[in-house]
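Fit chains A and F to the supplied structure of chain P, relying on the hints for placement.
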Amino acid sequence: MTKNKIIESVIHGVFLILGLVTVGCVFLITIYLVISGIPAIKEIGLIDFIFGTEWASTAAEPRYGILPFILTSIYGTAGAIVIGVPIGFFTAVYLSKIAKPKIKSFMESAVSLLAGIPSVVYGLVGMLVLVPGIRKLFNIPDGASLFAAIIVLAIMILPSIIKVSMTALEAVPKEYEDASLALGATPVETYFRVSVPAAKSGIAAAVVLGVGRAIGEAMAVMMVSGNVPNMPSLFQSVRFLTTAVASEMSYSSGLQQQALFSIALVLFLFIMLINATLNFFLKKERD
Amino acid sequence: MGDILTAKNLNLWYDKTKALKDININIPENSITAFIGPSGCGKSTFLKTLNRMNDLIPNVKITGEVCYKGQDIYGNSVDVNELRRNIGMVFQKPNPFPMSIYDNIAYGPRTHGIKSKVKLDEIVEQSLRNAAIWDEVKDRLKKNALGMSGGQQQRLCIARALAVKPDILLMDEPTSALDPISTLRIEELAIELKKSYTIVIVTHNMQQAVRISDYTAFFLLGELVEFGKTDQLFSQPVDKRTEDYITGRFG
Amino acid sequence: MLSKKRKAYILAMKSIMLISTALTAALVVFLVAFVFIKGIPHISWELLSTKPSYIDGKIGILPDILSTVYIVIATLLFVLPLGVGAAIYLTEYAKNKKIVGIIEYAAETLSGIPSIIYGLVGMLFFCQFLGFKTSLLAGALTLVIMNLPTIMRTTQESLKTVPQSYRDGAFGLGAGKWRVIRTVVLPGCVDGVITGCILSVGRILGESAALFFTAGFAHSLYGILSGLVNPGATLTVALYVYAKENGEFEVAFAIAAILMALTLLINLSATLVGKYFAKKREL
Numbered sequence: 000m001t002k003n004k005i006i007e008s009v010i011h012g013v014f015l016i017l018g019l020v021t022v023g024c025v026f027l028i029t030i031y032l033v034i035s036g037i038p039a040i041k042e043i044g045l046i047d048f049i050f051g052t053e054w055a056s057t058a059a060e061p062r063y064g065i066l067p068f069i070l071t072s073i074y075g076t077a078g079a080i081v082i083g084v085p086i087g088f089f090t091a092v093y094l095s096k097i098a099k100p101k102i103k104s105f106m107e108s109a110v111s112l113l114a115g116i117p118s119v120v121y122g123l124v125g126m127l128v129l130v131p132g133i134r135k136l137f138n139i140p141d142g143a144s145l146f147a148a149i150i151v152l153a154i155m156i157l158p159s160i161i162k163v164s165m166t167a168l169e170a171v172p173k174e175y176e177d178a179s180l181a182l183g184a185t186p187v188e189t190y191f192r193v194s195v196p197a198a199k200s201g202i203a204a205a206v207v208l209g210v211g212r213a214i215g216e217a218m219a220v221m222m223v224s225g226n227v228p229n230m231p232s233l234f235q236s237v238r239f240l241t242t243a244v245a246s247e248m249s250y251s252s253g254l255q256q257q258a259l260f261s262i263a264l265v266l267f268l269f270i271m272l273i274n275a276t277l278n279f280f281l282k283k284e285r286d
Numbered sequence: 000m001g002d003i004l005t006a007k008n009l010n011l012w013y014d015k016t017k018a019l020k021d022i023n024i025n026i027p028e029n030s031i032t033a034f035i036g037p038s039g040c041g042k043s044t045f046l047k048t049l050n051r052m053n054d055l056i057p058n059v060k061i062t063g064e065v066c067y068k069g070q071d072i073y074g075n076s077v078d079v080n081e082l083r084r085n086i087g088m089v090f091q092k093p094n095p096f097p098m099s100i101y102d103n104i105a106y107g108p109r110t111h112g113i114k115s116k117v118k119l120d121e122i123v124e125q126s127l128r129n130a131a132i133w134d135e136v137k138d139r140l141k142k143n144a145l146g147m148s149g150g151q152q153q154r155l156c157i158a159r160a161l162a163v164k165p166d167i168l169l170m171d172e173p174t175s176a177l178d179p180i181s182t183l184r185i186e187e188l189a190i191e192l193k194k195s196y197t198i199v200i201v202t203h204n205m206q207q208a209v210r211i212s213d214y215t216a217f218f219l220l221g222e223l224v225e226f227g228k229t230d231q232l233f234s235q236p237v238d239k240r241t242e243d244y245i246t247g248r249f250g
Numbered sequence: 000m001l002s003k004k005r006k007a008y009i010l011a012m013k014s015i016m017l018i019s020t021a022l023t024a025a026l027v028v029f030l031v032a033f034v035f036i037k038g039i040p041h042i043s044w045e046l047l048s049t050k051p052s053y054i055d056g057k058i059g060i061l062p063d064i065l066s067t068v069y070i071v072i073a074t075l076l077f078v079l080p081l082g083v084g085a086a087i088y089l090t091e092y093a094k095n096k097k098i099v100g101i102i103e104y105a106a107e108t109l110s111g112i113p114s115i116i117y118g119l120v121g122m123l124f125f126c127q128f129l130g131f132k133t134s135l136l137a138g139a140l141t142l143v144i145m146n147l148p149t150i151m152r153t154t155q156e157s158l159k160t161v162p163q164s165y166r167d168g169a170f171g172l173g174a175g176k177w178r179v180i181r182t183v184v185l186p187g188c189v190d191g192v193i194t195g196c197i198l199s200v201g202r203i204l205g206e207s208a209a210l211f212f213t214a215g216f217a218h219s220l221y222g223i224l225s226g227l228v229n230p231g232a233t234l235t236v237a238l239y240v241y242a243k244e245n246g247e248f249e250v251a252f253a254i255a256a257i258l259m260a261l262t263l264l265i266n267l268s269a270t271l272v273g274k275y276f277a278k279k280r281e282l
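Residue numbers (numbering that gives the first Met the number 0), protein chains in the order written: chain P, 0 to 286; chain A, 0 to 250; chain F, 0 to 282.
Just chain P, same shape as in the assembly:
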């Protein structure tokens, strides 16, 4: 080998390593979560941990059941989807198919802004507007509740839903729409009966992405959900998987801390499942 060739292959090697950094990071995260998450599950017992309905980590006889967190995360995410998806979906159809260019570009910037606002700002506004509002409206002692968290999450997933749905709707071949119009369907009928079905994988991907965002959000829900480990109920204070980790991490130790790592592992498994679903839909959309 000449000197040049050696240099070239060294550089090739360096770039290969840089390329593999991401893979290494994924491994690092997975391994750390598994290694630090397993011990507590072993000690508490998988069934008691996952299906235990009581979390009392600082009690004299501590209990480590995370079913309330799992259910809260699932209900909270489902609620956010139920509210956020229809609004986002119909906005996306309007913007991608009907809106005048000026309105469209204004709304696109507005949606990007919504995506860029830090989650603590959502939490702050939620704390001062939503929480007292819910307290007065429903006449309950504390407005910090699952309901407040659902509203905040629904707003926070809107940008993903709108953007990804719009991309999918805009990629629908014009030929489909032309064919429908030529059969005497009106534009609105065409959008909902041809364009939307044609973009369904992309819209499904948008929903799954929203699920991922909602289930992973920590700080904003921490600020509006009251953070009490109750079994979920719409107008009670609740704790999510994410906020369970965040709220006790700074002062925990021993089994309590290990149990928090186990919660993170459970959350991670949820996310991996969601990512796999997302990839499935994105691949389908591409084909």
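In short, the hints are calculated from the structure, not lab data. For each residue, glycine too, the CB sits at the ideal point set by N, CA and C. Fair warning: there could be bad hints in the mix.
In silico DSBU-like cross-links for lysine-lysine, where the CA-CA straight-line distance does not exceed 30 angstroms [said to hold, decoys possible]:
1) K173(P) - K114(A)
2) K103(P) - K97(F)
3) K278(F) - K118(A)
4) K199(P) - K118(A)
5) K97(F) - K4(P)
6) K118(A) - K60(A)
7) K99(P) - K15(A)
8) K15(A) - K199(P)
9) K137(A) - K164(A)
10) K173(P) - K97(F)
11) K274(F) - K15(A)
12) K3(F) - K162(P)
13) K199(P) - K3(F)
Label-pair restraints from in silico Cβ distances [stated by the list, open to error]:
14) P196(P) - S175(A): 26 to 32 angstroms
15) P172(P) - L47(F): 52 to 58 angstroms
16) K282(P) - P40(F): 18 to 24 angstroms
17) K96(F) - N75(A): 20 to 26 angstroms
Just chains A and F, lined up with the frame of chain P:
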């Protein structure tokens, strides 16, 4: 035989470019009329004015009139959707919806309010039979239409257009994306269909025009140069430009 | 004419779409207006230029501003070579489709992981295992992993727009691969790198959960080097602490207004940069 479609002094602009210049034509019922001419001559644009598909393009301006059964289709009281139902269209590239074969055909009737399963089944079968594709697809009506061959897709699109029971079928170079055998089948189909429908077909293939059409219109640079019976136009063209074109001197 | 049923359907759909869009728009307008109205009156020079003092009972956010700046600089410093290098590997070197697939899948996975998990692993790995303790550096390194996919993706996208003929031309002149990359490919991805940086800065500014356990929430005043090895709260973390732990809503809203203005600025510059490079490419 009466004239089902007539255009009078029709002009069309894209922004400031004039794409159609003072077109006058009478298209007879139950016949095949072919539009020929070099690319960019306006034949497809004109075809699309006949069922107002040009409405969808921004900055298009149209003057003059197009009459369908004596009524100006650009008049104020015209319902565009009803018009397009009566004047169906088949596009250059086969464009079945990404749905099942059945749903493709049923799309039009459903849009126009037919809900009954029995009736839809009947329409689907009849349309597919009329488009001479029933035997090929009857066992896989629930399969996605995108799994069919290009030729089958185009016949499916014809069946889909027939399902809303139009009077006129506009075909915009329907065979340009197909192989010779599929092309032949579409041509046979067109001849069969003219018994019950009026067909207007844009083609870049002069042999095709000779093979299937009764009347031919030759377009050049946005003008209708010559219109007449197909055999006459091809054997004794009146205009020098027509002669140059059909003898292959340009285009 | 359209049947009554069809007319009703169209009207219903149109109304739902309009209401949804109006709701989204109203939400954005409300959020921006509310935060500015509540926050701007409490922004003062004193707030921006001092550190909190328990003795005087005063709050200043200068340490938080500096921590934010330090962490942004440190993160970009590390993430840029990593992300750009990975993108170059993917578009210029990798021939094996499997490796490309694995790397891209890894990047997608990274962008889907919630920040609280980054915070946790960052704490275990950088703070404890590597011994960085709770420090801005540990926070920055955690953010490097989070922002890696962003930089990779934007760089990759801009590399794809570098015409193959440029590369062929350079190779045709007998240039080696590394030389081609330095002279032809790298200059072509400047726009992607800049876009990636803007997006990353936005993400770093907004991040809180990942920084909580890695960078901490101290409000001490340091220079950049000593700042990096000590704990510190970024503006976003400070907002959380002031609002949730201390009940200092005036300061929290002042910070929220600053963050909102920065978010607007970042979105605006991302749009402008995008337009600028799109125009440049057309020429």
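Outcome of the hint check:
A distance of roughly 27 angstroms separates the Cα atoms of K173(P) and K114(A); the hinted pair therefore holds under the 30 angstroms criterion. Restraint check for K103(P) and K97(F): not satisfied, since their Cα atoms lie roughly 39 angstroms apart, outside the 30 angstroms limit. At roughly 56 angstroms between alpha-carbon atoms, K278(F) and K118(A) are farther apart than 30 angstroms, so this suggested pair is violated. Pair hint K199(P) plus K118(A) holds up; C-alpha atoms about 28 angstroms apart against a cutoff of 30 angstroms.
The hinted pair formed by K97(F) and K4(P) meets the criterion: a straight-line CA distance of about 25 angstroms does not exceed 30 angstroms. Using a Cα cut-off of 30 angstroms, the hinted pair K118(A) and K60(A) is violated, with the two alpha carbons roughly 41 angstroms apart. A threshold of 30 angstroms between alpha carbons decides the hint, and for K99(P) with K15(A) the separation of about 22 angstroms falls inside it, so the pair holds. A C-alpha spacing of about 39 angstroms is found between K15(A) and K199(P), which places the hinted pair above 30 angstroms, so the restraint is violated.
For the hint linking K137(A) to K164(A), the alpha-carbon distance of about 20 angstroms falls within 30 angstroms, and the restraint holds. Taking the CA atoms of K173(P) and K97(F), the gap is near 34 angstroms; set against the 30 angstroms cutoff, the hint is violated. Straight-line distance between C-alpha atoms of K274(F) and K15(A) comes to about 28 angstroms, which keeps the hinted pair within the 30 angstroms bound. The hinted pair formed by K3(F) and K162(P) fails the criterion: a straight-line CA distance of about 34 angstroms is larger than 30 angstroms.
Between the alpha carbons of K199(P) and K3(F) the distance comes to roughly 28 angstroms, so the proposed pair stays at or under 30 angstroms and holds. At about 27 angstroms, the beta-carbon gap between P196(P) and S175(A) stays in the expected band of 26 to 32 angstroms. For P172(P) and L47(F), the Cβ-Cβ distance of about 53 angstroms falls inside the hinted range of 52 to 58 angstroms, so the restraint holds. Distance hint for K282(P) and P40(F): a CB-CB separation of about 51 angstroms, inconsistent with the stated range 18 to 24 angstroms.
Remark: the range hint 20 to 26 angstroms for K96(F) to N75(A) is contradicted by a beta-carbon distance near 59 angstroms.
Hint compliance for this structure: hints 2, 3, 6, 8, 10, 12, 16 and 17 are broken, all remaining hints hold.
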